[in-house]
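> Given chain A, put chain B in place with the hints provided.
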Amino acid sequence: MAALVIAEHDNASIKGATLNTVSAALACGGDVHVLVAGTNAGAAAAAAAQIAGVAKVLHADAAHLDHGLAENVAAQVLALASGYSHILFPATAAGKNVAPRVAALLDVAQVSDATKVIAPDTFERPIYAGNAIATVQSTDAVKVITVRTTGFDPAAATGGSAAVEVVAAVADAGKSAFLGSEIAKSDRPELTAAKIIVSGGRALGSSDQFNAVLTPLADKLGAALGASRAAVDAGYAPNDWQVGQTGKIVAPQLYIAAGISGAIQHLAGMKDSKVIVAINKDPEAPIFSVADYGLEADLFTAVPELVSSL
Amino acid sequence: MKVLVPVKRVVDYNVKVRVKSDGTGVDIANVKMSMNPFDEIAVEEAVRLKEKGAVTEIVAVSCGVAQCQETLRTAMAIGADRAILVETDAELQPLAVAKLLKALVEKEQPGLVILGKQAIDDDCNQTGQMLAALAGLPQATFASKVEVADGAATVTREVDGGLETLKITLPAVVTTDLRLNEPRYVTLPNIMKAKKKPLETLKPADLGVDVAPRIKTLKVSEPPKRGAGVKVPDVAALVAKLKNEAKVI
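Residue numbers (the numbering used here), protein chains in the order written: chain A, 1 to 310; chain B, 1 to 249.
Careful, some of the hints might be misleading.
[As the list claims (entries may be wrong)] Quick list of in silico lysine-lysine cross-link-like pairs, BS3-like style, CA-CA up to 30 angstroms:
{"#": "1", "chain 1": "A", "residue 1": "175", "chain 2": "B", "residue 2": "241"}
{"#": "2", "chain 1": "A", "residue 1": "274", "chain 2": "B", "residue 2": "241"}
{"#": "3", "chain 1": "B", "residue 1": "167", "chain 2": "B", "residue 2": "50"}
{"#": "4", "chain 1": "A", "residue 1": "15", "chain 2": "A", "residue 2": "56"}
{"#": "5", "chain 1": "B", "residue 1": "243", "chain 2": "A", "residue 2": "281"}
{"#": "6", "chain 1": "A", "residue 1": "220", "chain 2": "A", "residue 2": "116"}
{"#": "7", "chain 1": "A", "residue 1": "281", "chain 2": "B", "residue 2": "241"}
{"#": "8", "chain 1": "A", "residue 1": "281", "chain 2": "A", "residue 2": "15"}
{"#": "9", "chain 1": "B", "residue 1": "247", "chain 2": "A", "residue 2": "281"}
{"#": "10", "chain 1": "A", "residue 1": "271", "chain 2": "B", "residue 2": "193"}
{"#": "11", "chain 1": "B", "residue 1": "16", "chain 2": "A", "residue 2": "281"}
{"#": "12", "chain 1": "B", "residue 1": "16", "chain 2": "B", "residue 2": "216"}
{"#": "13", "chain 1": "A", "residue 1": "271", "chain 2": "B", "residue 2": "52"}
{"#": "14", "chain 1": "A", "residue 1": "274", "chain 2": "B", "residue 2": "243"}
{"#": "15", "chain 1": "B", "residue 1": "197", "chain 2": "B", "residue 2": "2"}
{"#": "16", "chain 1": "A", "residue 1": "281", "chain 2": "A", "residue 2": "175"}
{"#": "17", "chain 1": "B", "residue 1": "197", "chain 2": "A", "residue 2": "271"}
{"#": "18", "chain 1": "B", "residue 1": "231", "chain 2": "A", "residue 2": "220"}
{"#": "19", "chain 1": "B", "residue 1": "167", "chain 2": "A", "residue 2": "175"}
{"#": "20", "chain 1": "B", "residue 1": "52", "chain 2": "B", "residue 2": "196"}
{"#": "21", "chain 1": "A", "residue 1": "195", "chain 2": "B", "residue 2": "247"}
{"#": "22", "chain 1": "A", "residue 1": "195", "chain 2": "B", "residue 2": "50"}
{"#": "23", "chain 1": "B", "residue 1": "50", "chain 2": "B", "residue 2": "193"}
{"#": "24", "chain 1": "B", "residue 1": "247", "chain 2": "A", "residue 2": "274"}
{"#": "25", "chain 1": "B", "residue 1": "203", "chain 2": "B", "residue 2": "107"}
{"#": "26", "chain 1": "A", "residue 1": "195", "chain 2": "B", "residue 2": "203"}
{"#": "27", "chain 1": "A", "residue 1": "175", "chain 2": "B", "residue 2": "2"}
None of these hints come from the bench; they were simulated from the model.
So here's chain B without its partners, still in its complex pose:
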């Protein structure tokens, strides 16, 4: 079975982004970029399924600027076999990405698509579900455990209040939550090996997809600042403040 793993290049999770002074966006010039952490978990899960013998080939996909090649090389260093870049400088919104991925699903016919539940830049949490809907596939989002057998996946999901387990027929789309696995460290030999793995580049037009944005960003602003309060010397002072000043207990 083939697995498709879409990965997104995002601002590294350790970077605290700054809003541009003209309010047009956040300043991402000269900031460290990395693979979206949830997508890294997705690549790791695909590799583990391959190591268990449930998967034969892992294809990593990224949509975006030329530098997404680096993200795809990272995916191949973790263990993806080959990669596809859908290259464009245009702003890509989740619906457009889902349409690109749907076209690739039709082309590659994977048994499973695994991707992160959300990207940590736009925090949208949409692409996996949109892809599943467009491709007419069942979905299991926010996965913390995935088992594949007999043409179906049994997936434990993190939901409000606890966990739930679904059985979905393959092909299907799974989105990853934090507890699914802990991605391995990539080793230097694997980074070297990844450089030799095949990376195909396509354009959105090659897939017949119109990627024009549907949502206009009118402005981006700083959130209201929350000032630091006061330090209290001891528990008694804290209780007094909560009772008399904040009046919350």
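With the rest of the complex left out, here is chain A:
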């Protein structure tokens, strides 16, 4: 029995979500191998070999494996799948894109967003925006799983010394091509890995005010910025800041929700945070029902005051 973890990486380094996925794979029992499929991804493969608990790294390199094109990455995983009882992906945009293709072509079901490994074939996963937790058992020979990173502590990024084995790259499926991307460059921590998150809602009123009010607080705390769906839909914040059922799932040490009412879809994305602070002038806002500390106040005065008192 062995598990294959599909690494998320940028060819030069391994993304943090891979480490949580390795932990989930270790919990399934058996050896853990990591696949790094990319273009000139030797550095990422070398980094994967350092992860504590990893027994072997498989490195597939080809121009058409860049940008995580689902058709090609899924084919690469399938070419290596025999011999693995578990194939795990982080439940990130990249992992969710590829994993179901692998499951379907293996003719097995997929367990999405696993938050706990109960037994090698039994997992917990949230359903209905986290309003219920299902314990599910896979009856298939191979378990294809996407791992909710907040459910597992990250494996140590160093301390391992796995061998890197170069494997043959599959051919280009030729049906899709990457044209370009707009990825915001930011010095802030990544939203899903941040220890502190400052998140804003529709009450911020505009993109300018969103930035003017929340950026100083995030700077002061070294925090990532997040947003509710309402704020993203209104154009106050970019789409990849959205925290919630269908956006990012986060569990920082401290989550500060400013001007967010707290729809169940938003709570689904942040209710596992260690400490939640809600700043809202509506005393009936549902966010107060999950907040450790609620401050009933106008955020336009409370947030700057908070910045100056930190």
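Coordinates of chain B only, in the frame set by chain A:
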């Protein structure tokens, strides 16, 4: 070009579901059911493509119980031309739905399949990708912009960190994200018109698909409750709590 739009009947997004006391599932008796919001966006996108002249026919599909007819009528009220119901009372998991849809893709030969990226009941986020894989089609998931021209689709996708753009050859599968469009309100005349549009009913056996579940749900439980904390009177008290009690700053 024909577009196939699979739609799922789910518990309305405003309903807070309750876990059954015997732990066998969630109680969906007498709860409001609606079209999965992401699928509604998919129907809207198909209708907009038709209005632009890129699409000639929109076929809505649903798999599930007889009441899915209502969901299909809604899709036709938004603008789908006809509908197919694959009727079964069996529990359908994403792999089974993908197999049913693959059979329909072979039958209908659409140039494009547009569906929601995930259903808000099981939160699986699998069906579109599984269909694409089984039918041997390219995919563009989590779409926030779709343009169709010259046998290809150019799709902007919402990914971690921002947006990326892919070009995929048609036929292809596209799954929708929230920012793709804002679905129109259905009007009464269109609801009346939708009642007269053709709705075909099939069984999984007609399509030669075994829909037996592969995943057993052993139990469904309430998530750990998070109790409300305390209200603090002012910013100074908040800072004191965060520093001394929670020790997070």
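> For each hint given before, does the structure comply? Return the numbers of the non-compliant ones in rising order.
1, 6, 8, 10, 13, 16, 17, 22, 26
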